[in-house]
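Please construct the entire structure, taking both the sequences and the accompanying hints into account.
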Amino acid sequence: LKPGLRVLLVDDEPLLVRSFARLLRARGAVTDTAENGQAALEKLATQSFDLVLCDVRMPVMDGPSMLTELRQRGDQTPLVFLTGYADSSEHEMKALGAREVLGKPIDIEMLDRLLSSL
Amino acid sequence: MQNTLKSFLDNLSPEALIERLKLALDGSRLGIWDWDLTDNSVQFDQRWCEMLGLDHATTPMTLETWSSRVHPDDLDRCYVDIKAHLAGRTTTYENVHRMRHADGRWISILDRGRISGRNPDGTPVRFTGTHFDVTAIEEARRVLATHDEQLQTLVANLTTGVAMLDLERRYLAASSRWLQLHHLTEAPVTGRPFAEKTPALKARWLEPIERALQGEASHDEETCVQVPGRDARWSRWDVRPWRRVDGTIGGVLISDEDITTAVLQRERAERERNTRLAALALFAGGVAHEINTPLQVILNEAALARSALAEPTLDRIALAESVSAIDVTARRAAAISRALRTLSRDAREDPPSAVTLAPLFDDAMALCRSRFASAGVTLTVENRAGDVLLLGRSSELLHVVLNLLNNAFDAVVNTNHAWIRLEAELKGGTALVRCIDGGRGVAPEHRHKLMTPFFTTKRHGTGIGLSVSRSLAERDGGFLNYRPEAMTSTFELGVPLYQAGPP
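Chains as they are written, first to last, in our numbering: chain B, 1 to 118; chain H, 1001 to 1503.
None of these hints come from the bench; they were simulated from the model.
Even for Gly, the Cβ is constructed at its ideal location relative to N, Cα and C.
Just to be clear, a hint being listed does not mean it is correct.
Unchecked claim - Just a sample of chain H residues kept apart from chain B, beta carbon distances all over 12 angstroms, derived:
| # | residue |
| --- | --- |
| 1 | Ile1032 |
| 2 | Cys1049 |
| 3 | Thr1261 |
| 4 | Ser1307 |
What the hints assert, rightly or not - Label-pair distances were calculated between CB atoms; the ranges are:
| # | chain 1 | residue 1 | chain 2 | residue 2 | range |
| --- | --- | --- | --- | --- | --- |
| 5 | B | Gly74 | H | Asn1414 | 21 to 29 angstroms |
| 6 | B | Val30 | H | Ile1317 | 17 to 25 angstroms |
| 7 | B | Ala26 | H | Ala1269 | 55 to 63 angstroms |
| 8 | H | Ala1486 | B | Gly103 | 37 to 45 angstroms |
| 9 | B | Asp50 | H | Asn1416 | 30 to 38 angstroms |
| 10 | B | Gly74 | H | Arg1338 | 45 to 53 angstroms |
| 11 | B | Gly28 | H | Ser1324 | 34 to 42 angstroms |
| 12 | B | Gly28 | H | Arg1341 | 41 to 49 angstroms |
| 13 | H | Ala1269 | B | Val30 | 28 to 36 angstroms |
| 14 | B | Glu69 | H | Ile1317 | 51 to 59 angstroms |
| 15 | H | Ile1317 | B | Gly28 | 14 to 22 angstroms |
| 16 | H | Gln1226 | B | Glu69 | 51 to 59 angstroms |
| 17 | B | Asp50 | H | Ser1324 | 39 to 47 angstroms |
In structure tokens form, the structure reads like this:
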């Protein structure tokens, strides 16, 4: 894992964001968090990240809307969707520019593989 | 013949003539009376007295002998008929009345007579006639009338429409239910051709009737009957020949049972089942999210705990944090699982029982909170009724509450008034559960159709949620209403309170 990998965690579930942040920090990553797409866009406007781990459905602005706006800005930061819903379309989200669409829950090995692929 | 008889009688001596007449009267079992209108004395002959069990020798020859034995209910009619004849309005007097026999029973008498003597001025002075015992005939007539009445009553009260036709396809009889089912208002139908003014009837049974006349029966368990301008109804029918005593076919017997209620009930049960399945499918999708997020937290925290345990020095604070997060999220997942178990129970056969309000709200929240929150819809709960016991079935009440919450969600999601409030309060012996949202509510022109099946304003709505919810609510004496007077969209569910012990 690249030391000092910067990861932005976007999810409206505080417990989830917190546990991912602790896991990633334990692996040497630097994390920041946002509770919805709007907040994430604000952070992405001023800071750069190596990876965005993003929920799909969130209040204020959902994941796909956020990604669409991000790519319109010309920001090509890799983004991986983590979705808990069965009906999210992987195909559509990849077309928007998502690197991966993973179904919750993902196991730790998968998270490690994901991080080492960057 | 008449001439032969006349010449025979003319040639007889008066004594012989009387003797012949007596014989004839004996054979005909006629009793003779001869009433003197001037003094109301009446001569009764031997047979007249025997008919009533009286001894001719001791019987007083007065009108009183007759009138005192006539049934009180029949006497007035006798005098009416007698006066009519004496006044010349009838050519003969004729009356059937009951008389008391000496042994105490009532016998029926056919009484006939005519004026047999007049004054020079034409005033009747004699009135002569005969008595004939018609008890057996009257009894047979009464039995027949009773049977006929019983048959008419039976036919009239049949819950099945029944029509009996002759070989010419004319009505011999029809039950009232038949007339009602086929809107045959011009009674009686007896003698009228079948389906004279009802082409729908003809179309349905023309072939079965022809087959029945050939000796072949037909029937169908469930036929949908569509008559233009009337509600569709369902019928179970049977068309078969009826046979005379000698075994030959006398006509056709049609029975038509209206099973609309049963069919509608079955269809409603199917609809209820389908909505429950649809609600379950909707929640299965939503619940995947509700369960998957806690699972992700649990997996993450378990990995963190494992790492902490692998360190040379144990970070107790980090470990405690992981355990606490696992505990919280596992409880949340358990609540969802419990709510799903409640929702998926098919409670149609369950008797109503005590349902606690607070867990009902908890279940509803478990299934909705996270999904609503993710869509930016704020859901708040205010239970002012406390921990009361409701009368109902928890799965059905949860179903109704979730239906209201989902409707509210659809109404406010992606709007700038995305809030829903679920509240409860007590009013009299009823718990009022209100689902209030920030939306505009139901347009006045749609309100009257709100609870009717298949009415929907949603693009992908089925239009059965509210109608099924209302029928579930009303099952145990509750109600479900839209409150048009409220400031914002308000649906109110009334649930009777559970009364402990015998009422």
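Status of each hint after checking the structure:
{"no.": "1", "hint": "Ile1032", "result": "holds, 107 angstroms"}
{"no.": "2", "hint": "Cys1049", "result": "holds, 106 angstroms"}
{"no.": "3", "hint": "Thr1261", "result": "holds, 40 angstroms"}
{"no.": "4", "hint": "Ser1307", "result": "violated, 6 angstroms"}
{"no.": "5", "hint": "B/Gly74 to H/Asn1414: 21 to 29 angstroms", "result": "holds, 28 angstroms"}
{"no.": "6", "hint": "B/Val30 to H/Ile1317: 17 to 25 angstroms", "result": "holds, 22 angstroms"}
{"no.": "7", "hint": "B/Ala26 to H/Ala1269: 55 to 63 angstroms", "result": "holds, 56 angstroms"}
{"no.": "8", "hint": "H/Ala1486 to B/Gly103: 37 to 45 angstroms", "result": "holds, 42 angstroms"}
{"no.": "9", "hint": "B/Asp50 to H/Asn1416: 30 to 38 angstroms", "result": "holds, 36 angstroms"}
{"no.": "10", "hint": "B/Gly74 to H/Arg1338: 45 to 53 angstroms", "result": "holds, 48 angstroms"}
{"no.": "11", "hint": "B/Gly28 to H/Ser1324: 34 to 42 angstroms", "result": "violated, 25 angstroms"}
{"no.": "12", "hint": "B/Gly28 to H/Arg1341: 41 to 49 angstroms", "result": "holds, 43 angstroms"}
{"no.": "13", "hint": "H/Ala1269 to B/Val30: 28 to 36 angstroms", "result": "violated, 60 angstroms"}
{"no.": "14", "hint": "B/Glu69 to H/Ile1317: 51 to 59 angstroms", "result": "violated, 39 angstroms"}
{"no.": "15", "hint": "H/Ile1317 to B/Gly28: 14 to 22 angstroms", "result": "holds, 20 angstroms"}
{"no.": "16", "hint": "H/Gln1226 to B/Glu69: 51 to 59 angstroms", "result": "holds, 57 angstroms"}
{"no.": "17", "hint": "B/Asp50 to H/Ser1324: 39 to 47 angstroms", "result": "violated, 30 angstroms"}
Hint compliance for this structure: hints 4, 11, 13, 14 and 17 are broken, all remaining hints hold.
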